[in-house]
Structures are given as structure tokens and as C-alpha cells.
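For this one, chain W is given, so just place chain A on it according to the hints.
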Amino acid sequence: MFDSDIPVYLIILSPIISFLVNSIFIRIFFGTNSKISGLLTIFTISISFLFSLLALYHVNSNGNYEYDSRLWFSYGSFEIGFGILLDQLTAIMLVVVSGVSLLVQIYSIGYMKNDISYVRYYAYMSLFTASMLGLVTSRNLVQLFVFWELVGVTSYLLIGFWMNRPSAAKAAKKAFLMTRFGDFGFLFGIMYLASKNPEWLDIPTLYNAVHLPDFTHTVATIFSIALLAGAVGKSAQFPLHSWLPDAMEGPTSVSALIHSATMVTAGVFLIARIFPIISLSDESQIILSFIGAFTVIFAASMALVSNDIKRVLAYSTVSQLGYMMLALGIGAYGPAIFHLLTHAFFKAALFLGSGSLHHSTGTFNLKYMGGMKKIMPVTYWSMLIGSLSLAGIFPLSGFWSKDEILSSLFNDFSFLSPNSILFFLAIIGVFMTSFYMFRAIFLAFDGEFRGGGTQEKKDLKKKGLVIPETLEDVHKSEAPKVMLIPVLILVFFAIFLGFFVNPVFDIPLISKHWFSNLLFQNVPVFGDNVHHTDFKFLIAIISSIIAIIGIMLAWAIYIKGYVSLPKNSFIINKLKILLDKKYFFDEIYEDKLVNSFLYNRLFKITEVLDLKFLDNINIYLGKFTLKIGQLLSIGQTGYLQFYAGGMILGVIILLCGIVLWNF
Amino acid sequence: MTLDSLLILSAAVFCIGLYGILSKTNIVSTIMSIELMFNGIIIAAVSFSRFTPSALLMNNSFDVSSFALNTALSGHVFGVFIISIAAAESALALALVFVMFNKKSSVDIVDFNELKG
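So the protein sequences, as listed, match chains W and A. The first sequence runs 0 to 662 under numbering that gives the first Met the number 0. The second sequence runs 0 to 116 under numbering that gives the first Met the number 0.
Keep in mind the hints are simulated off the structure, nothing from the lab. Since the structure is predicted, the reported quantities are computational estimates derived from the model, not experimental observations. Each hint should be verified, as a subset may be incorrect.
To be verified - No farther apart than 20 angstroms at their CA atoms in a straight line, the calculated lysine to any residue pairs in the SDA-like style are these: (1) Lys575(W) / Asp307(W); (2) Lys23(A) / Gly637(W); (3) Lys626(W) / Leu114(A); (4) Lys169(W) / Ile420(W); (5) Lys366(W) / Ser510(W); (6) Lys115(A) / Gly634(W); (7) Lys559(W) / Arg449(W); (8) Lys535(W) / Ser510(W); (9) Lys23(A) / Gly644(W); (10) Lys115(A) / Gln640(W); (11) Lys23(A) / Leu459(W); (12) Lys23(A) / Tyr642(W); (13) Lys102(A) / Leu639(W); (14) Lys172(W) / Lys591(W); (15) Lys475(W) / Val377(W).
The shape of chain W in the complex, shown without the other chains (with noise of 0.2 angstroms):
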């Protein structure tokens, strides 16, 4: 069945006739709300998640496929052309992006109910939906960078989608423009490539060419690194993670399908894409390891004081991407992908489960819910399944692939070699996920109901504060069931996913290692050279003894209170304010950066020279011919015997030339 491509072209297109469909046919002849719009994007998912499913199917048992690639431009002997790659990595991301999307698409339904650009929503999620499917399944780096790019138009038409909230449009040009600066890097990195042999960009063939002698070690860091650049800005890591906290202004249903399980996963994908480039350069290895484990731990520091669920939650998006990071940095490619596989997973059923909250209390404020327990039961469950999977607790799905990460780093563990470094901060990365995690779940589900976001309109007016457009009154409810279903199903996956995907000794139907075995099955990329990460039972104790100190902590303070932090320490509200004001570094790079550095100081030279020196040339030239038309027009009195004086006078003077000059 995909002895030929058209059935991943299927894959693509689907959703990509319900982006048409929805913006053209249904908005125009059904109007801006109609419910049709749900259920075509449903069914153009499903049809994608179905063969997505048989892909995956048909790459397990086969191996991967390499289509033909097709010419899709040339200049000159320069070619570019298209095609699908249908490897394992690409069937697992195609199952991971459509079943997640599907799942949300669902959601919406009864998330995005009352919204009049209902249709609007669904075009763009088909759209997004269609450019993710089509970016993991790219053959070519410039086809990736389309795609690429696409996705990041949607994620800004998504994040901006309520466009009348100046908050929501601010996000929205964030979002876009700091993951433009990485995609810079990453152009730069296919131009490079380019000009060293056009033919590399073909992803097959670089991988074929990474055995050649034209591919030197200063060829593979250069371009790497520039890779590494579009992802660090695509996955919000460290230095350029300040916009995906941001991107928590658009719908919450896109916020779990961009800004958790797949479009911030891209980059984590680009860099298993190029992955064996990567792993010839020891210097891109360090940086992108570096990155990955101090993101971990500085995106877990910021969710420690947020107050606003969503926000904890995209910080936590940014740390566990900071840990795929890591392990691909380390070499540890299965270990990534399968905690990309898990991490989808249950962060999208927290994100749902927080849309659920907001549904029924009105606002994202931590400090203004409470004591929903009672109210949303199921809600609760799905959301604790999720956060203990996140914090790694056995036998759920994150406690699995967490602990490949860290098995990795303890591979070849000496004192103070760049691995103990790096294990040591992906174990506090550990203490701090549980900790802000659980602290989030106690505080919104425990304790006293506080009031909602009616409580929060009042002591907002009461402040003489502007009032978000995100707060609602309360209306304490469960959630309804086509919201519910979704989240049951990925906490399903939550807990189930990790252990029966890739168990750790043979079960019944799945052998051991299937997944790690599945990914490392690509010859292109790994050739022989294949690595398993084994169980160990040392760090899976110590990991899990950390994640339950985390905790119990949460629980002594904010259920108990046996613990408090001391209130008039000047350090502790130092540190509070640094961390609630993210390291400054929104000031940083608005008003140090972008307003004093390049507007005042940099640009001001383009401004001068535009001023003084550009402006003035267009000015003289103008008074120029101003002055050259004046005197001209003197000739012009307006006497019709001048100007025929003046035109025989010219027939006489040439005449006269004429008689001279034939003398």
C-alpha cells in the first residue's frame, strides 16, 4: 500500500481540503459558527490519523520507504526538488501529530462552542494540522523550511486568534518574531549547505554524504549549528524561550496542540533529523546538550511562582522540551523521541484539563480557584494522572522515558565530567518539575474555593486595574463529555503509553525495547552503529525518591502548611521578583536590547543617513528641476505672435546653417 507516496500525500491533503472547504465554501454558505466546519476537520483528521496508523504499520514491518523525489524548481544546474521521506522517526511524528490534533479537534468542539468565529478556528487547525504533517514528512531541507515556516504562520494566526485582545495580537507578533530570529539560523544553515554542494540538501543523500571526505568536521558544526539556532527558537529554549509563556494568550485547545505536543516538538525533530550531522560535530553536541539542561532547570525555576496555570504549564512545555534537548545532545536519540512520544501525551491532556478548569471557574489564576476537586472529579483525576506522569512517578508513561534520559546520562558517569554536570542538573530539573506541578494541582483543586473569575473582576476593579478579556464569571461545572472524552483518552495514553511502547523486558505481542528497536531499525541514520539504553534500576529509585520529595514539599506547603517561606527575608522577595519577572528578560530584550541598543544606537546610523543624507538628495533634486522648470517657463508668455516669431526666427537660423554649412 505505500509501495507508492500517494497515500502520504493523502496524509497531507486531507486536511488541507478542510482548511479550503472551511475557508472558503463553509464560511461564506453557512456562516462563521457552523457546526459543520467541527465535524468535516474531524473527519479529514481521522482520515490522516488512520493512515498515519497504517504507515506506521508499514514502516515497522518493512522498514523505511524513499519515495522519488521530484523537481519542484531549478536555476540553472541548481535543483530543488520535492518528495516524502517516510522513515521511522517521520511515521512516529505523523502518528503523534494527527492523533493528538484529532483528539483536540474534538475538544474544541465543545471548547470553542460559543465562539462566533468558530469556522475561522477550524480552518486554521486544519491548516496547522496539514503543514505539521507535511514539515515531519519533508525530503527536502528547503521543503522542511516551507513547512517550517507554515507552521509558524498558523501558531501566530493561533495565538492572535481572539485579535480584538491587544494582548492576544502583542503575543502573537512575539511569537513570530523571535521564532523568526532562530529561523534566520536556520536558512543561513541551508544556504551554507547549499553552497557547499546543492545536492546535500536532499536528506537521504546527506545522510549518505556524511561518510564522504567533502564533508568535514567544520562543514557539519557550521551547519548544525545554524540548525540548532531555528530549533532553540521553534522548541522556546534558552535564550529565545520568553514567547511560548506569551503564546498561552490564544485558545487553550491551541495551546495543547502548538504550544505543548507538536509544533514546539518540531525543532526537537529538525535536530533528530540532522542527527547524524550533529553527531559528527562534538562542539554542536555540547552546546545543544548545555542549552537543553540549563533550560530544564531555568524554565522549572519561572513555573515556581507563576500564578497562572497555563503559564505553568508552557514553562514546563519549555523544561521537558529542554530535556529532549539534552538527550539528543548526549547522543540519545531513542530516549528523545520517546519522551517527544510521552510528553505529547500527557501535556496535552494537562492543557485540555486546564481549559477544562477555566471553563468552570473562569480564570487561569491559581490564586482565585480551589477546592474544584469536588466539583470536577474527573477533571481532577485526569489532571494529577497527567501531573504525576510529568513528575515521573512509576509506573506512568513520563516516569519511562524520563528515566531513559537520565539512564543515558549516567552511561560512562565520572565526577565532574560534562555528563555528571548535566545529570545533575536534569535531576533538579526532577525536583523542580514535581514541585510546581504538584503545587499548581494543590492549589487549584484543594483547599477553599476562591472565588473564581468573579472574585478576581472584583479586586480587579477594586485595584482600578484593566480587567482581561480572558475572565469569566463561574459557572462551577464538570466539564461536558465531548471535552471530557478527549482528555480520558489521553490520559489513557498517559498512563498506558510509556511501559507498553517500549517495556523494558519482553511482554506478550511487544518485545522488548519496541519503540528504541523501531527508531534505531533507520540504517540511513545509525548504519550498525545502534545503542540501547537500558533499564536502570539505580536511577529509576533515585529519580522517583526526588520527584515524590518534590512533592510532599508542595503538599507540606500549600495543603498543610507546615512549611513556609519566611515573609520578610530580603533575599526570598528578591528572588520572587526576579523569578516573576522571568529574569527580566522581556526588559531585557524589549527595552535593553531592541529600544537602546539597535533603535537608539544601531538603526540610529540608517536614521541619520536616511535623514541627512538620502533625504537631502531627494530634496535638491526636486528644487533642481523646480528652478530649471522656472527659468524655462519664462519662453512661455503666452502671446501667440512670440511664439511664432520665436518659430521662424528657428526655421531662419536653420536655414541659414544649412546655406553656411554647405559653403
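Coordinates of chain A only, in the frame set by chain W:
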């Protein structure tokens, strides 16, 4: 009657027309002067064709070919063309004079010197 005397007549008529254009401000006089200049040119054209070799042969009762006849008459044909064009031109010019008079109750071109620098 020689060619020279005819050409002098032609030049004289042309120069009278030219003088009229330069000196008169009445638009009707100007148009009349233009007609005079046309006529001067017609005289020149016809007199040149009168003194072509084929025309001289015809005057002396020689039989000539149709081609020679054409060359002998080309100046006359020009004259007819110029007369008809002059007629069309003066019809148009007089129509303009009517418009000018309707606008400003004057046919003096000095009153129409609005387009100037």
C-alpha cells in the same frame, strides 16, 4: 515668363502672410494671413511643375508617356491638396473663433494669453 519671377511672386505672397501673422492681433486677420502663406506655397509648387522637362515638352506639342504626364502634373495635384486642406483648416479655425467669442466677447488673441509661465 521665367521661373525666377514666379518664385519672387510666391515669396512675396508668403512674406505678406508672415507679416500679417506677426503684426495682427485679430484672430480673423491671422487666419487670413495663414491663407495667404498657403497660397504663396501653392504658387511655388505649381510654378516648379510648370518648368519640369516633361511639361516643357508637352507645351511644344510633343507626345509624352503617361509617366512624364504624371511628373508634369504633380505640382498641380499638390496645389489642389493644399487648397482643400486650407479650406478644412479655416472651417475649423472659424469654429474656434466662434467659441472664443462666446467665451470672452472678443476675437483679440492678446485676451487669450492665459497659458504662460
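How the hints compare with the structure:
This hinted pair checks out: Lys575(W) and Asp307(W) have alpha carbons roughly 15 angstroms apart, not beyond 20 angstroms. Proximity of Lys23(A) to Gly637(W) is assessed by CA-CA distance (about 15 angstroms); at most 20 angstroms being required, the pair is judged to hold. For the proposed pair Lys626(W) and Leu114(A), the alpha carbon gap of about 19 angstroms is at most 20 angstroms, so the pair holds. For the proposed pair Lys169(W) and Ile420(W), the alpha carbon gap of about 38 angstroms is over 20 angstroms, so the pair is violated.
The hinted pair formed by Lys366(W) and Ser510(W) fails the criterion: a straight-line CA distance of about 47 angstroms is larger than 20 angstroms. Distance restraint check for Lys115(A) and Gly634(W): the Cα-Cα separation of roughly 8 angstroms lies within the 20 angstroms cut-off, and the hinted pair is therefore satisfied. At roughly 17 angstroms between alpha-carbon atoms, Lys559(W) and Arg449(W) fall within 20 angstroms of each other, so this suggested pair holds. A hinted pair counts as satisfied when its Cα atoms are at most 20 angstroms apart, and Lys535(W) with Ser510(W) qualifies at roughly 18 angstroms.
With a CA separation close to 12 angstroms, the supplied pair Lys23(A) and Gly644(W) stays within the 20 angstroms bound. With a C-alpha separation of about 13 angstroms, the suggested pair Lys115(A) and Gln640(W) falls inside the 20 angstroms cut-off, and the hint holds. The straight-line distance between the Cα atoms of Lys23(A) and Leu459(W) is roughly 90 angstroms, outside the 20 angstroms bound, and the hint therefore fails. Restraint check: the Cα-Cα separation between Lys23(A) and Tyr642(W) comes to about 14 angstroms, which is no more than 20 angstroms; the hinted pair holds.
The hinted pair formed by Lys102(A) and Leu639(W) meets the criterion: a straight-line CA distance of about 18 angstroms does not exceed 20 angstroms. Restraint check for Lys172(W) and Lys591(W): the C-alpha separation of about 19 angstroms stays at or below 20 angstroms, so the hint holds. At most 20 angstroms may separate the alpha-carbon atoms for a hinted pair to count; Lys475(W) and Val377(W) meet this at roughly 14 angstroms.
Against the hints set out earlier in the document, violations occur for numbers 4, 5, 11.
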